[in-house]
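Line order of the protein sequences matches chains Y and R. So in our numbering, the last one in the first sequence is 659, and the numbering has no gaps at all. So in our numbering, the last one in the second sequence is 266, and the numbering has no gaps at all.
Keep in mind the hints are simulated off the structure, nothing from the lab. One or more of the hints may lead you astray.
Heads up, simulated DSS-like pairs for lysine-lysine below, C-alpha to C-alpha not over 25 Å straight-line [claimed, not checked]:
1. Y:K493 with Y:K545
2. Y:K121 with R:K157
3. Y:K515 with Y:K493
4. Y:K123 with Y:K216
5. Y:K242 with Y:K230
6. Y:K545 with R:K131
7. Y:K515 with Y:K583
8. Y:K121 with Y:K242
9. R:K157 with Y:K123
If you're wondering where the values come from, they're calculated on a predicted model, not measured in any experiment.
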Amino acid sequence: MRNKNVVSLLILVLGTLGILALTHAQNAPEASEKGKEVYEQSCAHCHGTEGRGDGAAAENLLPQPRDFTRGLYKIRSTESGELPTDQDLFDIITEGMPGSSMPGWETALSANERWEVVAYIKTFHSGFKEREAPPREISLEGKIPFSEESVEIGKGLYTELGCVECHGNVGRGDGTSAPTLTDAWNFQTWPANLTQGWTYRGGSDTEDIFKRFIGGIAGSPMPAFEGDSFLHFGLTSEESKRLTELENMDEMTEADEEASNQFYEKMDEAVNIALNRVEGVELSAAEQQLYDNAMKVVYEKSWHLANYVKSLMPEERPEPAIGNNVLRSQYIQGELPTIDDAAWETSEARYFPLVGQIVVEPRQFNPTIDAVNVKSFYNDTEVVFLFIWDDRTYTTGDETDETTGKPLEDALAVQFPVKVPQGPTAPKPYFLGGGRLPVYLWHWKASAPEQVTELTAKGINAAEVQEVQADLQVKSTYTDGQYKLWVKRALKTEDKKDLQLESGVFVPIAFSAWDGSNGDIDTKRTITSWYTFVLEPVPSSRRFIYPPLIAILSFGLLVGLRAAVQRRNSVS
Amino acid sequence: MKRLSLFTTCLIILVGSWVFLEFVVGGLISVPIPGSVVAMYMGLVIIAILVHISVEDSLFQEFLRPIHETLVDDRRRLRRRVIAVLIPIFLLGYTYSIIAQRANPPGSPRDAHPSPPLELTYKDEVIGAMQDVVNPFRHYEKDDPEAFKAHVENGRRVYHQNCFPCHGDHLDGQGHFASYLQPLPANFQDPGIIPNFQESFFFWRIAKGGPGLPAAGTPWDSAMPVWEDHLTKEEIWDVILFLSDYTGYQFRTFGEAH
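The following block holds chain Y by itself, in its conformation from the complex:
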């Protein structure tokens, strides 16, 4: 009797759960109240209550928050023209988009909340509801592992495909078309600096890069690798090689002409099949086979290219020059290295990440310069610095700012206090100026590439050119999207408004950088707060004297002790 009750109770419970599960499954594509609630609390301020990417914060953001209504999603694991999978959306919400203002929500929202938001976001674009088949996902099969050969092939493809046009010779996003690019919403957009993996919106694993190639970055100028992206789509690599040979012949025999025509026909056929496929035409088995073979080559090339792009970046974002990682100027005897001296290669750069200056109007909410890298040497009388930073454009003031009428140009400022604070509690000048203590600045502009002006400032808008200009030696270069600025100064000067340098003293240092093509001017710029630099003292030669002395002494003591004990033993 009792068992029967238990069984019927079980059936009842399981039945209810089953019905619940079914209704949940049916409701899943529809947005729940919960999804809307989470969206409005956590997403709407950027993406807008209607999902149009026009929230309160949007005007200050570049890249702009996604407008969900057009169904253009940059980061997908699906083929070109497809909407993302739910997992794609979930992953982006979870991990965020590096290099943009989209944060990861892994800790702030529960997994359940994130899924609810995914469902809600999908309601903004009808395509999600209307699609009948699941989206075609990019196959990661046949991944070509990283190797020097693969990188070399990828490097060739980088040029062949025209990546250089936007991403530049070595990938710093400084191609000739870089300043002209806009996205599907007509906002300016910059090509990725491929050497900075930490700014890749969809992650910088080789697989991530590969997916961006095959799927494209929807809404941006980055195209998907379609059939005819690569040379000789539809041919195997041997056939492609043969065709190139034929094309380069000065004179062709009839047989050669015949052979090359066959190759062209094969390529045309492959392109036609690819176009039909995009338009949704059903492919015959033979056509599908032909297409698959052609795509296999595209996939292979894409893996090589992904390996090449991967080779352009350091494994991780460099550690900032905080704590014990301070900038240490190394002592050398005799002449300091010139700008192109090989000695710079022996010294590791310190990394100073820049952020937009948003304290004083006009403000820069959308910085384009990631960081300044600095190396330094000094000798008995002089110090030399090498400042290195990436800037996609070389801007020397040909255009002027609309509001101020001043020329827009690239520039760098290095800031020190005039007097080094004595001790950790002593006041420093405010890093953006404005306090009672003045700062000493080196100001370099791209329009005067061999000149640095010394300034004194008590505020970000209150800089004055010093009357006495120290004899600073300056050189600079701009190559492949990267500035190098070389500055040499005497350790000591006669001018009381200059910083006087002494070995072993920790000196506050800060930077500002301007990217003219990003509208940077005056206070609209990128900045760092105070960091530290030191002329690393020459290691004391005492380190070769005292330790051996102490070792010998301690040995002597042991011997003496033994002798004393022995003597006492013999006496007793």
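Fit chain R to the supplied structure of chain Y, relying on the hints for placement.
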């Protein structure tokens, strides 16, 4: 098994105590213990050992016996030689590492929440005594929920147009500009922040920003703007309402305690 000599026992106690302090208490159980504290405890252990071995003369002789043997006994020749080499080598390395050590920059002692001034001001206008000033829109929470909601929404707008690049979408101090600022932007999701301060304190910190801090708060390092230059009084009070509304934390209040 051979009984351990008194000397070995004392050595084991000494090393064991050090390992316990350094790695068990200062590692497994809690955060690392400062070197000076470890030194103090180790001093106590050494005194205890010295007291113990010097209680009786025979005990002291027993303690010295292995040292004595190592020094002169021919059966301990190998041990003697090993020690005669190891001790000088250890001292050599140790003094070298001390002399050749690179100097590191001094840490900055910073009071993250220094005492506010006695008077709360906006630009030059005195609002009132820091202790007494309350958020003028806080009472809507009870009196007029609709009006309160409008103020919170305005605060939400102000926050996302001005504060979120540093303090973050989730108010956790992890905005996209935040990672390399020193000091880091405040994390309002930290339970130790909002509940410990009055709204007037927040108004002061927002209005005067980093430069308005007293010296103990190292104003020269803070990237916090002087928001009274950009925002109206109402906007600052509204953004304060939004901070507590979004995080669910209540600001500290006085005068309502039981």
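Now the hints, each set against the structure:
{"no.": "1", "hint": "Y:K493 with Y:K545", "result": "holds (22 Å)"}
{"no.": "2", "hint": "Y:K121 with R:K157", "result": "holds (20 Å)"}
{"no.": "3", "hint": "Y:K515 with Y:K493", "result": "violated (31 Å)"}
{"no.": "4", "hint": "Y:K123 with Y:K216", "result": "holds (17 Å)"}
{"no.": "5", "hint": "Y:K242 with Y:K230", "result": "holds (17 Å)"}
{"no.": "6", "hint": "Y:K545 with R:K131", "result": "holds (20 Å)"}
{"no.": "7", "hint": "Y:K515 with Y:K583", "result": "holds (17 Å)"}
{"no.": "8", "hint": "Y:K121 with Y:K242", "result": "violated (48 Å)"}
{"no.": "9", "hint": "R:K157 with Y:K123", "result": "holds (18 Å)"}
Hints 3 and 8, counting from the list given before, are not met by this structure.
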